[in-house]
Amino acid sequence: MSDILNQLQEAVIAGEPEQAHELAAQALEAGIAPLDAIDRSLNPGMQIVGDKYECGDYFIPDLMMAAEAMKAAMEKLEPELMARQEQRQILGTVVIGTVEGDIHEIGKSLVATMLGAAGFQVHDLGVDVPVDRFIEQVKATNANVLGLSALLTTTMRNQEAVIEALKEAGLREGVKVVIGGAPASPEWAATIGADAYAENANEAVDVVKQLLEV
Amino acid sequence: MRPHLHFLSRGTIERVISEAYDLLIDPGVRVHSERALRLLAEHGADVDLEAQVARIPAALARGAVETAPSSFYLYDATGAPTVHYGGDDVQFDPGSAAIEVLDYDKTESRAPVTADLVRFIKLADGLDALDAVATSLVCADVPQEIADLYRLYLVLLYTGKPVVTGAFAVETWHTMKDLLATVVGSAETLAEKPRAVFDVCPSPPLLWSKITCENLMDCAQYGIPAELVSMPLTGATGPATLLGAVVQHAAENLSGVTIHQLVKPGSPIVWGGSPAAFDMRTGTPPMGAIETMMIDCAYAEVGKYLRLPTHAYLGMSDSKVVDAQCGLESGSGALLGALTGINMISGPGMLDFESCFSLEKLIIDAEIVGMAKRLVAGIDERETPLGLDIIRQVGHAGNFLTTRHTRRWFREELFIPSGVVDRDFRRNWEAKGSLDAAARAHNRVEEVIAAYEPKPLPDEIAQELEKITLQAAQAAGMDSLPELGD
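Residue numbers (the numbering used here), protein chains in the order written: chain A, 3 to 216; chain B, 84 to 569.
Bear in mind the hints are in silico, worked out from the structure with no lab data behind them.
Note that CB positions come from ideal geometry on N, CA and C, so glycine has one too.
Take these hints with a grain of salt, some might be off.
[Claimed, not checked] Label pairs and their calculated CB-CB ranges:
hint	chain 1	residue 1	chain 2	residue 2	range
1	B	S101	A	E138	43 to 49 Å
2	A	Q212	B	K538	50 to 56 Å
3	B	P110	A	E205	32 to 38 Å
4	B	D406	A	A35	54 to 60 Å
5	A	E201	B	G560	28 to 34 Å
[As the list claims (entries may be wrong)] Stretches of chain B that chain A covers, calculated by requiring three or more beta carbons in the stretch to come under 8 Å of a beta carbon on chain A:
hint	region
6	282 to 293
7	312 to 319
8	363 to 370
[Claimed, not checked] To give an idea of the interface, some chain A residues facing chain B are shown, with a C-beta separation under 10 Å as derived from the structure:
hint	residue
9	I62
10	D130
11	L154
Turn these sequences into a full structure, and let the hints steer you where they fit.
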């Protein structure tokens, strides 16, 4: 493997977005195919990061910064992929957000980052997301997974409202709905007709993979 | 002499406050309430209504700190001032708003219902260590739209102690205010002799959501005490450094004091919080982390410097069951908070990051509270000479048990725990069933609840409370209130 790809991988593992961005540019200039950079450098780098987290060497901030580095590199590689009419392999497309009336961000963002790092295309709509916006985005991105976060007992009902709206829009069949947040539970998921509940970001990745059988 | 714990020098506290004032100007505070934004603008803040951001000049915030009272009382059902927010007085109330309850001898928690809340109130009412009762359980057998006010309704029915509570919506706050006004006689009496304090929680970083901001302003308007609960999570929703988190906490609370005092100068407000040292392995907000407790104590020092009453969520555990971790974390938090002189420490009974309540834990925590209060009472010079006379008097014979001196002092010098704290001989402990602390606590839960003395309200008041609550329930689609049992 070329020095550049080695360095790019190191930048991802070290969680250095600026470096990763610069090294991705260098890789393209050196004539390395973007898919090669992804398959031989970024993906294995994220795998190592995941392993380091599992064994306790790495912590959440390390994980998040590695994901940021990967994202920074992809910003450079993506246009070149498009130009070549190539596509990186993605495991699925996820739309995620915190439901209307609820401004809690951190758990939802963790899940979004972990899914992105695991190879999903993630559209993070942020917090206090109106029902309609979830529906629009599911439609626009052709998402196969929808993640709904709620931290309050008073806002968790809006998870149900989104699912109802999906049904009305005729989109429910095409998308797996995963819910999360402190007051949510597997029972609540069953009550409101979600496909699954995930307790935390790691579990969310496993749950989504299982639902999509990837 | 009373022991005091300090983490911050005067110079550090002043830098914290100075940086907090700077944050109020740049980047300012996000405020999702037009009413608050307009009020701030009227008083000289630079307000962007579109972006919902207020840049608050330091002079405005300083003025608010000046008008906020440095102390006030909460009153019990007899009208006696029993909780003093101010100075270094230390009081405790149970942790609040659990959405789970843990039954004895179970490892799985479940959603609480009316009967659980009633048992909790009877228990908290009977434990002298607890100075106030919180609306600690969110009942799952009523619509969520009335879950906040329903808790208060039951608390007012079953205890005469002062109450620590909070609203989950803008409208329900008013219903809760009506319940409180009913029980004390009128809204005017409620303002004169507040029975309850409302927690209001800004969202980190630097955001007042619509609900909390309206609650904050309504508290000010009606003169009902508000307790600011800023909760930065280190390295997640606030800086990773402990002092950085204290700065953010100070900025959020100062913005709260400002909005509150602009509505009605002189309304009582508390410098409280519930920060946590974010767990970098699991992504949880551990209430039992030692750094969580350090931030709590440090921000309380900042509040004291500003001469405001203080509060913290301490004495909680992240454990899922009543075990050694519970004792470790709850004990540490309660002691550190007491040594800091925090006026109201909320937490006893709470497990699992402030989400699960255990009656057995409340019993054990009441012993911790007893010890914490004893600790801060300190070591006094009871007499002069300190020990010379009595030691000479007993002499080498060495039996102090039969002296008047011992009988004169031991009750004052010792905190005498209930049987939940085991100090027995092993043989006796075995004879009583070799019970561990959780099992002993369980027995005492039943004893205290059995000894509960009803606090009957005058019929017309009880009926009015029920009427208000029933109306709210019916508006939320519930025809009749759950049976209260007993």
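The hints, checked one at a time:
no.	hint	verdict
1	S101/B x E138/A: 43 to 49 Å	holds, 46 Å
2	Q212/A x K538/B: 50 to 56 Å	holds, 53 Å
3	P110/B x E205/A: 32 to 38 Å	holds, 35 Å
4	D406/B x A35/A: 54 to 60 Å	holds, 56 Å
5	E201/A x G560/B: 28 to 34 Å	holds, 30 Å
6	282 to 293	holds (count 3)
7	312 to 319	holds (count 3)
8	363 to 370	holds (count 4)
9	I62	holds, 5 Å
10	D130	holds, 9 Å
11	L154	holds, 7 Å
Violated hints for the displayed structure: none, as all numbered hints are satisfied.
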